[in-house]
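A.B. asks: Single-letter residue listing:
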Amino acid sequence: MKNAIRSSFVAGLLLLCGGAIAQPDMPSKVSVAWNQYYSYDQVTAIMRDIAKAYPEITELRSIGKSLDGRDLWLLIISNPKTGNHKDKPAMWIDGSIHANELQATEVVLYTAWYLTKAYGQNKPITELLDRSSFYLLPLMNPDSRVAWFETPSTPHSQRQNTRPIDDDRDGRNGEDPDDDLDGDGSITMMWKEDPNGRWERDKVDPRIFRRVAPDKPAGGWTMLGEEGIDNDGDGRINEDGPGGDDMNRNWAAGWLPPYVQFGAGSYPFSAPETRAVRDFLLDHPNVAAVQSYHNTGGMILRGPGAPFREWAYPREDVAVYDRIATVGEKMLPYYRSMVIHKDLYTVHGGLVNYTAESLGIFSFTNELWSVGKYFQRDGQNPNEEMQWLWRDKMAFGQLFKDYTEVEHPTHGRVLVGGPNKWSSRVTPTFMLEEECHRNFAFTVYHADEMPLLSFARTSVSRDPSGLWAITVQVSNDRAIPTRSVHARNKGIGRADLFTVEPASAVKAAAQLSSWIDRGMDFVLHEPARVRVESGVPGKSQGGSIFYRFLVEGAQGQKVRLTYSAEKAAAISVEVTLEESK
Amino acid sequence: MRRIMAAAVMWTGGYALAQGGIDLDARIDAIAANGSVEVFTLAKSAQGRLVRGLKIAATGEGAPKDPAAILLVAGTDARHVMGVRTALGIAERAAKEPGNWLNGRTLYVVPCVNPDGLAWWESQKVNADFGRVPSSMDADRDGRMDEDPCDDVNGDGVITLMRVKNPSPLSGLTATMVEDAEEPGVMRGPDGGKGEQAVYAVLAEGIDNDGDGAFNEDGVGGGPGSAGGGIDLDLNFPAHWPEFRDGAGRHPLEAPEALGLAEFVLRTPGIAAVVVFGPRDTVVGVPEAGKMDASGQVPLGIENDDKRLYEAVSGKYKELTGLNESPRGELAGSFAQWAYAHHGLPTFATGLVVRPDQMKEEKRPKAPAKPGVEAGDGAAAGGGEAEKPAEEKKPEPKRPEPKSDEGKWIRWFEDRQRDFGAPAGFVPWTRVKHPQLGEVEVGGVVPGAKWWASEDDVKRLVEDHAAFVRELCGRLPEPSSIAGEAKRVGPGLWRVAVRVTNTGMMPTLTAIGNKANTRAGVVATLGVAPADVLEGGIVRQQGVVKGEGGTFDAVWTVRAADGSRVKVEVFSATMRPRTIEIELKEMGL
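These protein sequences, in sequence, are chains A and B.
Here the numbering used here is used: the first residue of the first sequence is 3, the next is one more, and so on.
Here the numbering used here is used: the first residue of the second sequence is 45, the next is one more, and so on.
Just to be clear, a hint being listed does not mean it is correct.
To be verified - Calculated pairs, BS3-like style, for lysine-lysine (alpha carbon to alpha carbon, straight line, at most 27 Å):
(1) K344(A) / K360(B)
(2) K351(B) / K88(B)
(3) K360(B) / K494(B)
(4) K88(B) / K67(A)
(5) K169(B) / K88(B)
(6) K54(A) / K88(A)
Claimed, not checked - Partner residues aside, some chain B positions facing chain A, computed with beta carbon under 10 Å:
(7) I251
(8) D290
(9) R294
(10) H295
(11) E307
(12) A333
(13) G334
(14) D337
(15) Q341
These are calculated hints, taken from the structure and not from any lab test.
These figures come from a predicted structure and were not determined experimentally.
For glycine and all other residues, C-beta sits at the position ideal for the given N, C-alpha and C.
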């Protein structure tokens, strides 16, 4: 008995000291519960706490203000000791450009929380953070998140920003929003008893309404629509609510005006939030990977958003996307990799369309949460019975507002109630941490595939002309090329630069197609400063480029070769002019 | 606020056009001294100049009661100085007699959207064919900025073109053109059918300053065929924005001037039509109707249903100005196409200046009388050629009439130099030594020459276009004729109808305006409790109410006491709300 107690005591001691027994996870200096959703103030506080707890590797800054004047908080995570964050490839991750897509914010917060706590404790994450940077913007639409929490909403509102828009063209803005007639904080549905109504109420469970088939007799109920009254007396209910622009239609790639693309805003980047992000991205051309979180559906999406923009996704770039997305599908059960316009719907002017098509960045947008995860056994869509099992026995009724009778000013006695704003789209809180972790892990994988360059081989030989021939192989050990083929085709961003110093020593430079290639594609001008328009391809597409420099110099003289790319950390090597062994 | 100094650059010896500098701010201030004028600021340029505009309207008794307005914009392209001058001239006229000119409307004038560009154009001793916002950028994305602008290789004061005959293999140039045998000076692609082969490489005048093998690829002032840098304001608007094109900017409305102008249009109520002076034309040649972009919904030209309106305005414009033909310029990315296709306003763009052969004879510029010719000789009559008295006439060799557009321009440049004392418009190809290319020939159209006009021309332009603006003012929609009636349906139950008639020529919204949904057509609101309206609600609206007597009928069935009065408020984007009161009493029983 005593032995058992002693050994368990020792085990406990060891556990406390993080000693010989491996910890399953690393503690963070910042305590955050991942089974709840946070308001704008709480999100800000968490970011501040993380920045304060890990000052050596974080920087918190506001990149601008929302329409209503709230800060857009960005957390930069990088190790300044291994270089400025702008000199390394960076991953940009944002969330909740649609404010109702709540869990996007938590996933990005979790990303910040995990990266900071793992740095210095976990080898792969430490190495990743030493060679790359993270730009994390958990909440791009703070105004509407505040509205979602503080005013009655549905799972689908407030998606847009708060800019007043005259939806019904009557000269007034937002004069007829939804109304929370039963005061439960959610906008649910209104039902009216109606002998000619095409809906019937379930005889056993009065919460269930079902549509009646057209050839069957009337069901006795009519569905009036979302909760609300005719605030402006124009005969319509809830036709002109608050705001606004759909900020995920406000980006400049393939932007089309609101009469084609609902919610697009008056012009691309009309919203201060999208402008702020744009300006940051233009200032940070080192961003080589983007993830923009949304809900819902369980998808790993890439562009294009419209069939007539397929030209922006050449075959070689699609191969890179597919490679990363395929791994993502494995890491994220119930998520499928899809192309926005082909598999989802048409989107003109979305964020990832801009980052991929205008900026040449390999970008994904994940739609978080899939209802298939309710029971994880029954395919994608649980039936009505399973839905109620979930609501009643897993959520204990917290997702459904029982019907109450309300006296409606124009419809008379109506029933108000139904699934509330937590009932769909939003990841159930007890499953939130897993959702966060899996998506976080996918973005770590995506970030890990940003370009990583090295001088794989260099060799020096004497050319019969008396010059030295330096043959160099620059390799990229990761899937993402330093320039996408699309970027190269359209002249996006700066070409890679291959420089040799001293410049005066370099007499000629040529590209080779392989290490043993005898044919040389000569660079006609400035051989000491070669512009490599094609960049270094990703590993699965060859992953290497080969150059030969013909240099004049004395035996034993040293020259310096430097290869720099916007989306990779520069590499540099000193080469001695002597025959390689 | 920096003033653009009146740098009257008279370049003596050299081809750069006399630039009698426009002191833009001084002229705007002078116009603003009129009581009928308010000055507003749209934007601040990158170099700190303000983009300013003028709001002109009658005051006192004749002050407009409604916000209906016309917007006149010029100077998106700094080379189009005539546009700036004409817009200023029109503003001056309207400001002096707004009651006379504006027909009770408001006129917004933005005489120069691109003050940085204008200042650059006027201050350069060496003129390049550059009208953009002169912002520094890495145009060729090689990590350097402005490292290789154009150069005046032959020292003639202008940047034109260079042609290199049979360029050497190591020059990096490829022959693409031939010189037209019949029209000397005109360069064109080879006619394979005639067995022609390209002989000349043609590029902008300059040297390879940075030794990278490319000529003039990065630097403000780049001319034709070079990257040039800067932002072309008429490539920087969102409609069919030509992404990735040199000069289009990194995204639409990147230039603060463009953004400011767009924001001004969006927030200014009452604008019913837009007039643009610049290198785009939508009024001499009406844009093609019914052609859409890849989405199938945004017109590349105009909507089918706007064709009639555009043709009517075009006819009137051509009548007033005498223009028959005008180069279109491409509309993608332009302010004019954004104002139309995205913002939904009828927009009439014109280049103002064309060749005489592109105008009606009676409107062609007349050559001033030559010395030694008596007045009344008829020397001032005819199509621009001074008639000499018989004894002075020397037999002139008959030159073949030019066939190509370029050839016609070269001929016109010669004619106007001879007859009007105009500055040379074309630099003849002349051999010169080039540090890298050996022997080259420099020549080509003098920057700005195609839009040059004499002082007399400027006066004529102002008159004709002021008349056009005045004409447009008179055509704006006028949905202010409102009549109401009531008909008894039963006790305390009435059918109330309001008819709004648009007596103006233009519809309340054009087809594109109705599609774009940015401004209200006609909205009628019945002033009763909503519960008293039996069908629908209290608001009725119609986007398009046709001009010249088109009507909109708003009908309600309402519960109201017999003999009571109900009010209906009617408003439109160009009209302040008006209220009509209807007595619920049957008429004529």
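A.B. asks: Which numbered hints does this structure break?
C.D. replies: Going through the list in order, the structure violates hints 1, 2, 7, 12 and 13 and respects the others.
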